[in-house]
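Peer 1: Fit chain B to the known structure of chain A by using the hints.
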Amino acid sequence: MIAHLPILQVILPLMAAPLCLMLKRPQLVWVFALIASGLAFVVSVLLLQQVMTTGVISYELGGWQAPWGIEYRIDKLNAFLLLIISGISTIVLVAAQTSIEKEIPKDKHVYFYVLYLLSLTGMLGIVATGDAFNVFVFLEVSSLSAYALIAMGQKRQALWASYQYLIMGTIGATFILIGIGLMYQMTGTLNMYDLSQRLPEVAQTRTVFAAFAFVVVGVCLKLAMFPLHLWLPNAYTYAPSIVTAFFAATATKVAVYLLIRFTFSVFGVSFSFTTIPLETLFMALGLVGIFVASTSAIFQSNVKRLFAFSSIAQIGYMIVGFSLTTVTGLTATLLHLFNHALMKGAIFLALAAVIYRVGSVELTNLRGLGRQMPLTMAAIVIGGLSLIGVPLTVGFVSKWYLLIALIEEGLWPVAVLILLGSMLAVVYVWRIVEVAYFKEPLDKNVIVKEAPLSFLIPIWALVIANIYFGIDTRLSVQVAEAAAQSLFGGAL
Amino acid sequence: MVVAFAIIRMKDLFAVVMLLGIYGLLSASFFVAMDAVDVAFTEAAVGAGISTLLMLVVIAITGRKEKANRHKPLPALLIVLITGGLLVYGTLDMPHFGAADAPIHNHVAPRYIDDSMAEVGVPNIVTSVLASYRAFDTFGEVVVIFTAGIGVLTLLSVARRKEDDEEATAINDSMHEQHLVIRIVAKILIPFILLFALYVQFHGDFGPGGGFQAGVIFAAAIILYTMLFGLNTARKVINQTFIQLIAAIGVLLYGSVGIVSLMNGGNFFDYNVLASDPIAGQHLGILLIEWGVGCTVASIMIVIFFNFAGRRELYQHNQVPQNQEPS
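Sequence order for the protein chains is A and B. Residue numbers for the first sequence follow this note's numbering, so the first one is 1 and each next one is one higher. Residue numbers for the second sequence follow this note's numbering, so the first one is 1 and each next one is one higher.
Because the hints were derived from the structure by calculation, they are not lab data. Hints are supplied without guarantee of correctness; some may be wrong.
Heads up, incomplete: computed chain B residues facing chain A, CB under 10 Å, no partners named [stated by the list, open to error]:
hint : residue
1    : 19
2    : 21
3    : 24
4    : 48
5    : 86
6    : 89
7    : 136
8    : 143
9    : 146
10   : 227
11   : 249
12   : 256
13   : 270
14   : 272
15   : 275
Glycine residues also receive a C-beta, built at the ideal position from the N, C-alpha and C atoms.
Same shape as in the complex, but just chain A:
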């Protein structure tokens, strides 16, 4: 079975989704989905181990050789991503049952799990595949399920948010498809590895430039990179809390992965960064993104929205690391991918717990919660510290690597700007701390108790991971570094 791990990674949640539809009892479906996601996580751990010891794994679907059939190609980069996605998905699912009880009508619970698993499938499929068109197919699976999941939110605005995301997401996906189509026209192949071999020949044509532009813009829409981020705050704010926790920790990561994959592996470093001034553009947009989004975050009164803006800012950090096009810069980006998944997973899960107890995450409703829900609020605070980049948390590790990468390149001013950006994070995290710990609780919230265990266990699992990987950085740094090096070491 070991040889079939790459396909099992995707097929497990995929086959589990229609089976869920047959089980009918929500409780049962939840357990089943949890098992499926857990198994996917186990598979991803095994895959990562295998990749680290033996190198790239290639799996030919249908037994057809690569450029004719579809190939799954697992290297260090996507094995790392698979681990993040399936891990977060499993942890978030633990809390799902309790959380959706209050947020989604009972008769839709089964559909929720089906869509959740499909969304997971889509993301895993995008990451695992080595075929450009297959990326698009699974992108559709993950986006369609995402739209439906977001629209399940309690408030009516959820529908509008989902619609906004649908329009933007569809434009993004269409752009990616146009780009892939143009590439196919110039090379006659859809396989990524094959593309990277054949593109340099035709690199100087306008068609390839247009293809590159379409793919990058399309991915950036999905990524919510700064000027294209408008769909994200609404989508995260109005989606059911569990969905927000899942997407905030994974969805944009998948888009970052696609960006790295297409620019570094498919088009190749020399094309992406020497022929086109992409670095300068991305560096600037990344920095502007950090400042605009962090500042917007400071002025939000809805805490979910606040952290949604903070997510956009964090994407800015990843883009800055990416735009350096050095091994250290890319390592910082990949580290931040992993670390940001841990922090945002913890924070949004804790917010889900707050919604479960209090019913709202307006800042005023959080008053005095530090005493009533000490463990939940502590989780938010630690997550916030990690966002700022305080030592002993994961946030510190990735910021540290980013700074080193910037200084290596002699970009002192940018490094200073990054530090200033972190100061903005201090401001918005402090607002929450102040309200939660130094204000008297609202009258109607006096009876609020600590969140149930089904929340606390996954939340604290993530919080402990936040601290653990902040102190013992061996695993994450080693993998991220190896993945970054492999991207520069030539082709896929």
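Peer 2: What follows is chain B alone, placed relative to chain A:
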């Protein structure tokens, strides 16, 4: 082009939907002209058929006129122009249409054309690429359709109460009595449409067709029946849970073909190991997955239509008392 422009300028949504149908049909004939018969088939069935229908149902709920809109979004126009410009710019260096030395004809395609008969044993190359060489993409597409169906279900499905059903039936009966001629003609036609769907399903190996097209045609027959005889009559025959089950079974059937090939020692979707003879294995595999595709597509189309139409009935139902109150 003319039709597309008319669609944008038109304010009457009903006419817009009709034009969209024409647009679908035109692009279908365009695909035929480019020798992409299978795509044309799908476009004719989905673009000109089912999607027009769904939009009509939506119009029935929301009303026919577009709201007057004086807002002129200039930045949007700019972005569209830039994108369009980029597309045209990109085409400048493209190989000429139909050029024999274009890369697409010289890299992957020759093996499909030359060897697929020997390797897969199916005369229709499109089918062998779709269902065997790139079977996993097709599987992905089926899952996309499944996802869309579940998405519609989550957003639109309404808990139905029993008492309402009786009343609704009464309303429907009077409403549908009127179209006597159409009903009789449809009654004669529907069996043939279903039969044709099955033909397309099984004939996919040899001519244009396959699970996607067959599923849509099959669904079209059911939808035609529903429109003429009322949602409740149709629901008596095919209820929601049953149809969901079929959709799930379709995906599972497709996937389990892959899993069985794993068990038999091949890679996922390696049909060669399904039977002792590789060609027989390929045939069996393609037949089964086409069935999976057909099941899922047909049932999801029906589910989507039922839920849109169900919404509409619910809406009409709610509206009747409201209208009565003022008088």
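Peer 1: Taking the hints in turn, state whether each one holds.
Peer 2: For each hint, the structure was consulted:
1. For residue 19 of chain B, the interface hint is violated, the least distance from its beta-carbon to any beta-carbon of chain A being 21 Å, above 10 Å.
2. Annotation: residue 21 of chain B was flagged as interfacial toward chain A, and the flag is violated, the nearest CB pair being 21 Å apart, outside 10 Å.
3. Contact between residue 24 of chain B and chain A, as hinted, is not supported at the beta carbon level, the nearest pair being about 18 Å apart and thus beyond 10 Å.
4. The criterion of a C-beta within 10 Å of any C-beta in chain A is not met by residue 48 of chain B, whose closest approach is roughly 21 Å, and the hint is violated.
5. With a cut of 10 Å, the hint placing residue 86 of chain B at the interface with chain A holds, because the nearest CB-to-CB distance is about 5 Å.
6. Hint status for residue 89 of chain B: holds, given a least beta-carbon distance of 6 Å to chain A, under 10 Å.
7. Of the supplied interface hints, the one on residue 136 of chain B holds, with its beta-carbon coming within about 5 Å of a beta-carbon of chain A, less than 10 Å.
8. Using the Cβ-Cβ criterion of 10 Å, the hint placing residue 143 of chain B at the interface with chain A is satisfied: the shortest such distance is roughly 5 Å.
9. Among the interface hints, the one on residue 146 of chain B holds; its C-beta lies about 7 Å from the nearest C-beta in chain A, closer than the 10 Å criterion.
10. About 26 Å separates the beta-carbon of residue 227 of chain B from the nearest beta-carbon of chain A, more than 10 Å, and the hint is not met.
11. Checking residue 249 of chain B against chain A by beta carbon gives a least distance of about 8 Å; that is within 10 Å, so the hint holds.
12. At a threshold of 10 Å, the smallest CB-CB gap from residue 256 of chain B to chain A is about 8 Å, leaving the interface hint in force.
13. A cut of 10 Å between beta carbons decides the hint on residue 270 of chain B: the least distance to chain A is about 4 Å, and the hint holds.
14. The restraint placing residue 272 of chain B at the interface with chain A holds, with a minimum CB-CB distance near 6 Å, inside the 10 Å limit.
15. Interface restraint check for residue 275 of chain B: the shortest CB-CB distance to chain A comes to about 14 Å, outside 10 Å, so the restraint is violated.
Consistency with the previously given hints fails for numbers 1, 2, 3, 4, 10 and 15, ordered from lowest to highest.
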